[in-house]
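Make a model of the complete structure from these sequences and hints.
Line by line, the protein sequences are chains U and F. Residue numbering for the first sequence follows the working numbering, starting at 1 and increasing by one per position. Residue numbering for the second sequence follows the working numbering, starting at 1001 and increasing by one per position.
Don't take each hint at face value.
[Claimed, not checked] So the derived list for chain F, only partly shown, Cβ under 8 Å to chain U, looks like this:
1. Ser1270
2. Asp1271
3. Ala1274
4. Glu1275
5. Glu1278
6. Arg1283
7. Ala1349
8. Ala1350
[Unchecked claim] Stretches of chain U that chain F covers, calculated by requiring three or more beta carbons in the stretch to come under 8 Å of a beta carbon on chain F:
9. 254-265
10. 290-299
[Claimed, not checked] Pairwise CB distance ranges (calculated):
11. U/Thr245 with F/Gly1204: 38 to 48 Å
12. U/Pro228 with F/Ser1219: 43 to 53 Å
13. U/Ser507 with F/Gly1204: 32 to 42 Å
Because the hints were derived from the structure by calculation, they are not lab data. All values reported here derive from a predicted model rather than from experimental measurement. We put the CB at the ideal spot given by N, CA and C, even for glycine.
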Amino acid sequence: MTRQDSGALAAYTAPIYEQVTGWRLDDPGRGVMLEGSLAEGFGNSSSDLDFLVVLPAGASPPLMPSLAFSGGRRVEVRQRDVEQLVEQFRRLGAGRRIGGEPGIEDRLDRCQRFLGGLTLSDPTYAIQKVRESIDADQFADLVSTYCAARARRSLHLACAARLLDDGPAARDWAQSCLHYVAKTWLATRGETYIGRKWLQHQLDRAGAGEIRERFTGLAALIVGGELPDVLANVHEFGRDLGVLTTRDLDLRRLRLCRIRHVTTWDIGSRTHIIQRRARVFVLNAAGARVWRGLAFGRPLAASLASAATSPANAVPAFLYFLWRSGLVRLSWQGGEDLAGKLDCGADTHVDQPVVTLRGGRANDACAQPQAQCLPIGASEFATAGMSLVWANIMIENAREDLEGALDADQIAVASWAIRRIVRDLGLAVLSAEGIIPLPPWEEAASYVIRSPGTPAQVREIMRRLVGIGQPENTTQARHTFGLVKELVDSAREAMGFQEFPRSFETSATWHTTTDIGYDWVRIGAYLDSDFPIEEAHDLLSRQGAEGSVRGGQSVVPGSPDRSGPHG
Amino acid sequence: MSIPNSGAVLVTGISGLLGAEVAARLLADGYSVIGLLHHRAEIRLNNGKALLRADRPAHAGLTVRHGSLAEPDFGLPAAEYRELLAEVGAVVHSGAVTRFDLPRTTYQEINVGGTEEVLKFCQRCAADVDLVHVSTAFVVGTGTSVATERHATSFQPASTNFYEESKYQGELALHRLGFGDRAVIVRPSIIAGDERRGRIREFGNFYVAVKAATSGHVSVIPGDYAASLNLVPIDYVADCVIAALCGAQNLRGTVMHAVSRRAVTMRDFSDVFAEYPELRVPRFVSQESFAAAARAPIERRIYDTTLRNYDPYFIRRVEFASAASERLLGRVPAGGRPYLRRLIDYAVAAGYLGARQAVAS
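Okay, structure coming up:
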């Protein structure tokens, strides 16, 4: 259908309008337009009918359209008053930053639909007056500017996708670039329809000739051609039409940039990335090597080339993940930011334990660089780590008390120490699972027993520990101690913190203890996480300025009577 | 800018970062500058532009005398020295040894002896010269939590190194030779990159310590998270010196700190460095824990040759008063984490910190 058929179109749509709305077309209080693809001269039998009812200034009609179906077509009726229509054009502004402005495409589309609409009735000349108040040439300039910006951005993104080994995405972006180059050219000839669906028809109508042929050829090349050829040819097309420049395919301009709220923290030898103080990504060894070797502020290609890892072809995919997770930024020098979205990665399954003494778990055996988003937030992660360390310190403290009590035949003290060990083990297990905030100390053991996420073996161990009876004499107490020790060691091994030292045995083991805790303290301070107790912070941040001496003396604050951080 | 005395301004240490910036500001405002140059044939500004290249001044108002602060009469021939006495109307004494790794005698020779030579020169000058003496805010040594802008004669510091000791003694020399009430003393804290971009002509002292600490070879250094380092932009310090010179007649006997409003703590360093994956952040531990820590030979070597010289700065907590400079210039640079980021950004972009280290390690 062409614009010459507008009379036929008006005759066809008018009854539908009246049927759907219940209003007469010649109602003196309403102007009526048909917008959209049919009004533009495109469309087919399944195209929607989009009516715009124009009311006098100040009517303030509801902004939500009403929908109906008629004769197999979807019919939408929107209402606007004259002031609202003028305002929607005014909001387009000067369009200097039109390329990157959020929501701009929608606003351009609304305005263009009005300008390209077919007037069905205009009894008070309201529609005509709004049209006359709009500079159509200026609007076409805005559309042209917008489409040119989109064309450039699409090509830049195609270049990024290509470097990051995402061929399908590179082709899609190349197609977007092709479309927006064509749209830019069309807009300079008054063809301002925003949607891409009817592009070929627009080119035909504009008498594009050779341009149309090149466009069609490029569309086919995008599907089946070699990617470098695709980008080079699309770029050439854009240059020939005056939309793109040589700079738009210069890969040296695609820069890898850091993001301020993304920070890097080592816990022991395990590298973590904290994003916006909210999310934690743990890197395996290969991932950490790549991450620390990134050349920020330099061309992306330089980082890809210098990332010394094997297999080398895994690095682009890893960088793609980092970019789309919002951990790094890509920027086109002289152009725009190509920011990724804040995806947390697709892998959300929970492997227990979530937290180990040395940070999150990562698969160092995998040669490919990996960054795993943890299922708990950054602050919870830091609290869980500190709690895990502290709970283990409490276990060792209680163990020391137990040994001393057995030596002195103090059965009641020994029983209490056993009780502490079991509950603090519960807190350690829950910390390793990332269950933050922790339950009260008194409930820790039974929480573990009831927790479906805890490995069955550990639940069974906890059941046995809780079921241990009160010893009545030293012999029984010693036997119980042996059993408790065996069960605790098994639980620690199952949960991955068996390496925790006998903290109070020597100054060396105390130093190892604080060494484990130091990095957690540092992250926790950065995130303002809750520490189990304040003393833990001070003690561990001094990193064992005092040692521990066997024989009952202990530097643990409040011990030996302390029931634990939640007692 | 308006300097009270007519005559040229003698700038000692003109090839140094601060001396060059001071000279450039004077020349831009039409003053004649005479630079005392020891052995260099080049003077470069912080932005890299040359004031002197292959002994040829890039500005008509600049002349250079090749001499030495360590020698009597600056080591100049007698006639040249007499000419200097007649030409000079004001002196900016910024020449000094600022490294931390030299023998004590070198600091005594240059920083104390050199100051005495400058004072003798001023005494002999034909004119009643104005003198701006560049010292250091760290003349206060340790044991002071708030450093006020008072004369060196009113305290006895526990200096942490030969540099601080020599600068303190240099200030005492001013008083001893009758310039205590005459000179204006400017005490900068740790001079770093310019305020807006963090740009610095060369990466010395503070930067050397940062590079060593973040190289990835150092796992632990003795330090206190609450320790603070006051970093001040080079352009602000140069502005302070110029302002002191312009107001010298009214500011005689004044001591002023050239510092930033907010220092950066070791905690700030830790958190800001975390924003740069290419930098490895060591642990800051107590002296006892540091001594007990197992360290690889390369780490020991780096500490012994470089980081040991900066130990006191990683544990010292001192705030510097800045009322005098704030009154004179109407402002004090903000400092703090944003400034630290600009410094690190510049150093990383320049390739001094970061990527090359990661590859090397």
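Status of each hint after checking the structure:
{"no.": "1", "hint": "Ser1270", "verdict": "holds, 6 Å"}
{"no.": "2", "hint": "Asp1271", "verdict": "holds, 5 Å"}
{"no.": "3", "hint": "Ala1274", "verdict": "holds, 4 Å"}
{"no.": "4", "hint": "Glu1275", "verdict": "holds, 5 Å"}
{"no.": "5", "hint": "Glu1278", "verdict": "holds, 6 Å"}
{"no.": "6", "hint": "Arg1283", "verdict": "holds, 6 Å"}
{"no.": "7", "hint": "Ala1349", "verdict": "holds, 5 Å"}
{"no.": "8", "hint": "Ala1350", "verdict": "violated, 10 Å"}
{"no.": "9", "hint": "254-265", "verdict": "holds (count 6)"}
{"no.": "10", "hint": "290-299", "verdict": "holds (count 8)"}
{"no.": "11", "hint": "U/Thr245 with F/Gly1204: 38 to 48 Å", "verdict": "holds, 42 Å"}
{"no.": "12", "hint": "U/Pro228 with F/Ser1219: 43 to 53 Å", "verdict": "holds, 46 Å"}
{"no.": "13", "hint": "U/Ser507 with F/Gly1204: 32 to 42 Å", "verdict": "holds, 39 Å"}
The structure does not agree with numbered hint 8 stated previously, though it agrees with all others.
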